[in-house]
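Asks: Residues per chain, in single letters:
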Amino acid sequence: MQSIECPWCGPRDEIEFRYGGQAGIAYPRDPGALSDEEWAGYVFMRDNPRGWFHERWFHVHGCRTWFSIRRHTVTHETGPVPDTGREPESDRTGRGPLARGTGEAR
Amino acid sequence: MSASNHPDFLWRDPEPRSSYDVVIVGGGGHGLATAYYLARNHGITNVAVLEKGWLAGGNMARNTTIIRSNYLWDESAAIYEHSLKLWEGLSAELDYDLMFSQRGVLNLAHSAHDVREGRRRANANVLNGVDAEWLDADEVRKFCPILDTGGHTRHPVLGATLQRRGGIAKHDHVAWGYARAADALGVDLVQGCEVTGFEIAGGRVRAVLTSRGRIAAGTVALAAAGHTSVLAARAGVRLPLQSHPLQAMVSELLEPVLDCVVMSGAVHVYVSQAHKGELVMGAGIDSYNSYGQRGAFHIVEEQMAAALELFPIFSRVRVVRTWAGIVDVSPDASPIIGATPVGGLMINAGWGTGGFKATPGSGWVYAETIARGRPHPLAEPFALERFTTGALVDEHGAAAVAH
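From first to last, the protein sequence lines stand for chains A and B. So the number in this note's numbering is just where the residue sits in the first sequence, counting from 1, plus 9. So the number in this note's numbering is just where the residue sits in the second sequence, counting from 1, plus 34.
There are no misleading hints in this set.
Partner residues are not named here, just some residues of chain A that face chain B (Cβ under 8 Å, in silico):
1. M10
2. Q11
3. E23
4. I24
5. Y28
6. D45
7. E46
8. A49
9. F53
10. R55
11. N57
12. R59
13. F62
14. T82
15. V83
Take a look, some chain B residues computed to stay more than 10 Å from chain A by CB distance:
16. L44
17. G91
18. H116
19. L120
20. L128
21. D129
22. D172
23. A250
24. V284
25. I347
To be clear, the hints were calculated from the coordinates, so they are not data collected in a lab. All values derive from a computational prediction rather than experimental measurement. Glycine included, C-beta positions come from ideal geometry on N, C-alpha and C.
Turn these sequences into a full structure, and let the hints steer you where they fit.
Replies: Next comes the structure, spelled out in structure tokens:
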């Protein structure tokens, strides 16, 4: 079982969390303007790397914080997301499936 | 066949040539079946199967060997039933005992909703020419006496669908049978040959770059299951696939005790007894993306809890091995078969947790799609374009077990 570091509660067992998939997927600012291909890209296409992955977890059985980490998809090592000094797009829009998150790790 | 007259080799171990009409990437069940049907059905024998490890050492060696075709939607029932019909003649055709055993597959219903869903799916199966029966709790008890149908459990058995033509086969024999038959028809099976990149010119793939050099190809056909995304990314193609560990396990060897396959989507485990005697069990994926071929122990614990809820008789059985394969799950839990935006580059992926049963049918339709340059009718609904058009084949929760 992996140990996932919640930015609020610290390292906890994986069973306390729900997986949220790739981080940083922004809800389109003007969904009606998207082509079918672009909409399919937003809804269905996600990175699936063999290596480091920037992904979201939800501390569902703890503080209920959404947060992002980096995790290696072969070794399962984890690390914080480098601070880019800006809010992720998905949280600025305040909409969409990822909008409940609190953004990058605090 | 006795040990004394067993051949030293079932297939050649050729050096890869510099060019092939078709290069198949991935020497698992689907890749080997595709190569065999390319040669058998279409006379295309200038074919190589490139495998980075050894033949059938990925998910083909890690699945729970369940075979059935009782899927809900027409498109799925059609392709899995095509596959099941091929299974029924495959040992004879390949002249290899695949230990295909049509012992019946039960899909249990534990709630009023499960009962409605199960009856609906059985009716849909019958309309599609797929054998299916609805059993009430008494009939389930008679069919599988060691199931706890007492009604006092948290998730009582209220009934089940039964597909009598479903069952299990010996996975290694399937791979070896296809490999030997493909080799005999002239296909080169090249092991220890990893595809590291693609040579693409004018929007068309021209060659694969491998750990054993450049190999030119008229068509490149991916059959790499959980690693399809990694390969496709090297060709600049993005796919709606996520790779997850799927765990399975076996018990110590037991005397014959379970003569059918039992699946439950609600308490979530599937159990059968292999010919050798071990109980073979599996359940759901680990939730996170991974290529690590291992999973978390709490998943094993949940599977065991589910198995014991259904089979109290197994309470003292020891689990001796657990493992994981990497499955590529698509958004609608259906496969993706056919062309990609790169000319000459084909994919057959997204079989997720259910690829083994599809091995013959998948190889059959993929081979025709490659040979004719247009989708086999059974593959047409599973084209990559469905994620743009919205015509999904949504088997999540419909395929008789939660994925």
